[in-house]
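There are 2 protein chains.
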Amino acid sequence: MSKTNRPATINDVAELAGVSRATTSRALAGYGRISEETVLTVRKAAEQLGYHPNEVARAMRAGKTKTIGLVVISDFTNAFLDRATKAIIDAAKQNGYQTVVSHTDENVHNEKQAVKTLIEKRVDGLILVPSSDTDHQHLNDMALGGTPLVLFDRKLHETKFASVTTGDFEGARDAVEYAHKKGHRSMAFLVAVPGIKNSTDKRPQIPISTVEDRTNGFIEGAAMRDVKSQMLFCEDSQSGAEAAVEGLLSGSKKPTIIFTSNNDMLLAVLRVAGKLKVTIGKDLSVISFDDSPWAAAMSPAITVISRPVDQMGQEAVDLLVRQMSGKKISEDAVLETRPIERDSVATIN
Amino acid sequence: MSKTNRPATINDVAELAGVSRATTSRALAGYGRISEETVLTVRKAAEQLGYHPNEVARAMRAGKTKTIGLVVISDFTNAFLDRATKAIIDAAKQNGYQTVVSHTDENVHNEKQAVKTLIEKRVDGLILVPSSDTDHQHLNDMALGGTPLVLFDRKLHETKFASVTTGDFEGARDAVEYAHKKGHRSMAFLVAVPGIKNSTDKRPQIPISTVEDRTNGFIEGAAMRDVKSQMLFCEDSQSGAEAAVEGLLSGSKKPTIIFTSNNDMLLAVLRVAGKLKVTIGKDLSVISFDDSPWAAAMSPAITVISRPVDQMGQEAVDLLVRQMSGKKISEDAVLETRPIERDSVATIN
DNA sequence: TTGAAAGCGCTAACAC
DNA sequence: GTGTTAGCGCTTTCAA
Numbered sequence: 000m001s002k003t004n005r006p007a008t009i010n011d012v013a014e015l016a017g018v019s020r021a022t023t024s025r026a027l028a029g030y031g032r033i034s035e036e037t038v039l040t041v042r043k044a045a046e047q048l049g050y051h052p053n054e055v056a057r058a059m060r061a062g063k064t065k066t067i068g069l070v071v072i073s074d075f076t077n078a079f080l081d082r083a084t085k086a087i088i089d090a091a092k093q094n095g096y097q098t099v100v101s102h103t104d105e106n107v108h109n110e111k112q113a114v115k116t117l118i119e120k121r122v123d124g125l126i127l128v129p130s131s132d133t134d135h136q137h138l139n140d141m142a143l144g145g146t147p148l149v150l151f152d153r154k155l156h157e158t159k160f161a162s163v164t165t166g167d168f169e170g171a172r173d174a175v176e177y178a179h180k181k182g183h184r185s186m187a188f189l190v191a192v193p194g195i196k197n198s199t200d201k202r203p204q205i206p207i208s209t210v211e212d213r214t215n216g217f218i219e220g221a222a223m224r225d226v227k228s229q230m231l232f233c234e235d236s237q238s239g240a241e242a243a244v245e246g247l248l249s250g251s252k253k254p255t256i257i258f259t260s261n262n263d264m265l266l267a268v269l270r271v272a273g274k275l276k277v278t279i280g281k282d283l284s285v286i287s288f289d290d291s292p293w294a295a296a297m298s299p300a301i302t303v304i305s306r307p308v309d310q311m312g313q314e315a316v317d318l319l320v321r322q323m324s325g326k327k328i329s330e331d332a333v334l335e336t337r338p339i340e341r342d343s344v345a346t347i348n
Numbered sequence: 000m001s002k003t004n005r006p007a008t009i010n011d012v013a014e015l016a017g018v019s020r021a022t023t024s025r026a027l028a029g030y031g032r033i034s035e036e037t038v039l040t041v042r043k044a045a046e047q048l049g050y051h052p053n054e055v056a057r058a059m060r061a062g063k064t065k066t067i068g069l070v071v072i073s074d075f076t077n078a079f080l081d082r083a084t085k086a087i088i089d090a091a092k093q094n095g096y097q098t099v100v101s102h103t104d105e106n107v108h109n110e111k112q113a114v115k116t117l118i119e120k121r122v123d124g125l126i127l128v129p130s131s132d133t134d135h136q137h138l139n140d141m142a143l144g145g146t147p148l149v150l151f152d153r154k155l156h157e158t159k160f161a162s163v164t165t166g167d168f169e170g171a172r173d174a175v176e177y178a179h180k181k182g183h184r185s186m187a188f189l190v191a192v193p194g195i196k197n198s199t200d201k202r203p204q205i206p207i208s209t210v211e212d213r214t215n216g217f218i219e220g221a222a223m224r225d226v227k228s229q230m231l232f233c234e235d236s237q238s239g240a241e242a243a244v245e246g247l248l249s250g251s252k253k254p255t256i257i258f259t260s261n262n263d264m265l266l267a268v269l270r271v272a273g274k275l276k277v278t279i280g281k282d283l284s285v286i287s288f289d290d291s292p293w294a295a296a297m298s299p300a301i302t303v304i305s306r307p308v309d310q311m312g313q314e315a316v317d318l319l320v321r322q323m324s325g326k327k328i329s330e331d332a333v334l335e336t337r338p339i340e341r342d343s344v345a346t347i348n
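Chains as they are written, first to last, in numbering that gives the first Met the number 0: chain A, 0 to 348; chain B, 0 to 348.
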């Protein structure tokens with residue numbers, strides 16, 4: 000910092016070192032022909048002034064910000080997305096990129112806003128967890144202005160973006176299979192669907208590919224084994240979910256096992272179960288999508304269908320980095336889910 | 000996007016609209032004297048080209064990036080910091096700022112790196128959860144180059160930074176008081192201390208003000224009521240914590256209640272309890288710092304000392320915004336903790 | 001080995 | 001009401 004209170008510029012350094020800006024730049028960056036001595040002088044001057052290169056100016060000149068934008072739905076107060084966010088930030092850093100995170104609370108309007116802002120900030124690339132499969136006009140070529148985009152966790156039909164997802168259809172189907180093996184014959188799938196009110200057992204429009212896959216997987220699994228199955232599509236909120244679960248557990252068609260489409264739904268089941276004094280793993284079994292530290296720490300520990308979140312983050316960044324370096328790929332990475340058997344599924348004979 | 004594949008600039012718009020850059024800028028930003036008609040023409044041209052203002056150039060010119068940097072320790076895969084991060088991002092957005100998030104895994108070296116990068120990106124301000132009370136040379140005036148900094152969740156002694164913290168001393172003390180009322184006479188405090196190996200009951204250097212406060216609060220509370228108390232300072236890792244808890248529970252000085260200094264420690268207790276078949280809320284009581292959705296959903300639900308995380312985020316951004324607008328304040332906001340009584344503390348008579 | 005100068009995209013004096 | 005111009009801090013030709 001020079002005498003004034005604003006950060007030192009390369010000019011300040013040049014002046015103090017008694018050389019030109021160009022020389023200073025070269026000395027600091029260490030390229031071109033330059034004498035050992037000058038380098039030392041310049042370095043000392045820079046140090047003395049507490050010089051930090053202005054990355055904004057650099058970005059301006061280079062036309063690259065070395066920054067990627069990450070737009071996640073919901074907040075990342077979510078056992079899957081928080082770790083995904085971390086994984087992405089880490090992988091990006093590994094590749095020399097900073098990450099700017101926006102979250103959209105599952106709201107397309109916020110998503111549009113976030114994408115716009117990020118584009119204006121001239122991020123070099125974008126990773127997006129899209130809110131809606133049907134509304135994505137803000138992702139057309141013109142809006143993106145050539146910024147590469149990778150989809151995370153969800154696909155967008157009718158678009159050609161590269162994406163990183165998991166085999167959730169198979170994951171759900173196999174989970175049903177597993178429950179069947181454990182003797183369950185009456186199963187329910189509790190599905191959070193953004194945009195709907197309360198809950199319904201009529202299948203609504205599902206604007207999220209992942210949720211759709213899980214739903215279809217559940218149906219397929221149930222059909223294969225001919226078990227009694229029901230689905231409950233419910234509002235993506237704490238109160239809505241709890242009401243739905245209460246209905247489910249107090250009704251006449253009470254299942255022996257509930258599958259939940261995400262951790263929030265799992266928590267709803269757990270809360271209601273606690274309230275109704277039904278014991279998980281005995282009176283009622285549970286399997287959820289996505290693992291979390293607390294699911295493993297519960298008594299009983301919760302059986303889950305986990306997804307390789309770190310690897311997903313890695314993959315997303317890899318895909319993006321490759322696109323940012325010019326390739327116009329539209330590859331899809333589909334990783335495998337992995338069941339983690341714990342103690343929340345009772346054996347019934 | 001113009002014919003070439005790079006984003007349209009204001010020049011492109013000006014050319015298409017047949018006016019000068021300055022006029023274009025005025026038309027788009029809507030300032031100065033300008034005819035209605037020109038505005039329309041320019042707007043249309045901009046639209047047609049998919050023009051997005053280049054915020055990098057703007058930032059360069061204005062000397063402001065409208066961005067703040069957030070450096071959190073650990074990852075934010077943490078029931079407190081994830082919500083804090085969200086709160087900060089939201090509050091920042093409210094004030095027209097984007098947020099760049101870095102995390103340091105509780106490692107000072109990473110913290111230095113993160114701060115440096117952010118300074119070079121010319122963030123307008125910084126919110127930091129510092130890793131270490133003893134090592135903060137990288138936060139001196141010169142390194143910061145005048146960038147305002149607000150401390151979050153932890154104070155740094157011997158510095159003059161504004162900070163947002165909570166009354167953890169009182170929180171811990173009152174929790175002991177509460178446990179005493181419920182009849183507990185033998186209490187243990189499980190404290191995560193970064194940097195130590197395994198665990199010890201000898202009080203080590205605690206480089207985190209918050210943890211120090213909690214420890215002192217526990218001691219004070221225990222002293223006031225003359226209960227048998229012990230402390231276990233343990234490595235901040237899953238395996239380390241579990242080993243410590245196992246020792247605690249199988250030893251002869253087994254307490255009736257364990258206080259945990261954060262959620263990771265709570266999970267360790269829960270995991271070990273599950274393994275050892277000790278029932279929480281009956282065989283063993285638990286109170287933890289920091290609330291979380293899952294703590295409330297467990298059976299029994301966990302009694303916690305919660306902190307007003309949204310408000311903390313708000314406050315931090317407020318403090319920062321005020322500093323960014325020129326004031327050189329060094330105010331400290333200390334918010335109150337709030338006990339949430341649930342079912343993990345048994346009544347003993 | 002070093003310096004001078006141009007230009008990245010934008011806005012704001014200042015002229016007309 | 002609109003255009004011209006300078007300059008934010010940096011890197012990189014091009015000359016010397």
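Just so you know, the hints here were simulated from the structure itself, not pulled from any lab data.
Any given hint might turn out to be false.
Copies of one chain are not kept apart here, so a pair can be met inside one copy or by any two copies together.
Derived lysine-lysine pairs resembling DSSO-like cross-links, with alpha carbons at most 30 angstroms apart [what the hints assert, rightly or not]:
| hint | residue 1 | residue 2 |
| --- | --- | --- |
| 1 | K327 | K276 |
| 2 | K92 | K180 |
| 3 | K281 | K63 |
| 4 | K43 | K115 |
| 5 | K252 | K92 |
| 6 | K196 | K92 |
| 7 | K159 | K180 |
| 8 | K115 | K252 |
Hints, one by one, checked against the model:
1. Taking the shortest alpha-carbon separations for K327 and K276, neither the intra-copy value of 56 angstroms nor the inter-copy value of 56 angstroms comes in at or below 30 angstroms.
2. In the homo-oligomer, the alpha carbons of K92 and K180 never lie at most 30 angstroms apart, since the shortest distance is 44 angstroms inside one protomer and 50 angstroms across protomers.
3. Proximity of K281 and K63 under a CA criterion of 30 angstroms is satisfied in neither setting, with 57 angstroms inside one chain copy and 59 angstroms between copies.
4. In the homo-oligomer, the alpha carbons of K43 and K115 lie at most 30 angstroms apart only across protomers (18 angstroms), although the nearest pairing inside one protomer, at 42 angstroms, exceeds that limit.
5. Taking the closest pair of Cα atoms, K252 and K92 never come within 30 angstroms of each other, the shortest separation being 51 angstroms inside a single copy and 47 angstroms across copies.
6. In this homomeric assembly, K196 and K92 come within 30 angstroms of each other (Cα to Cα) only across copies, at 28 angstroms, whereas the closest approach inside a single copy is 40 angstroms.
7. When the C-alpha separation of K159 and K180 is checked against a cutoff of 30 angstroms, the pair qualifies neither within a copy, at 40 angstroms, nor between copies, at 63 angstroms.
8. Taking the closest pair of Cα atoms, K115 and K252 never come within 30 angstroms of each other, the shortest separation being 48 angstroms inside a single copy and 60 angstroms across copies.
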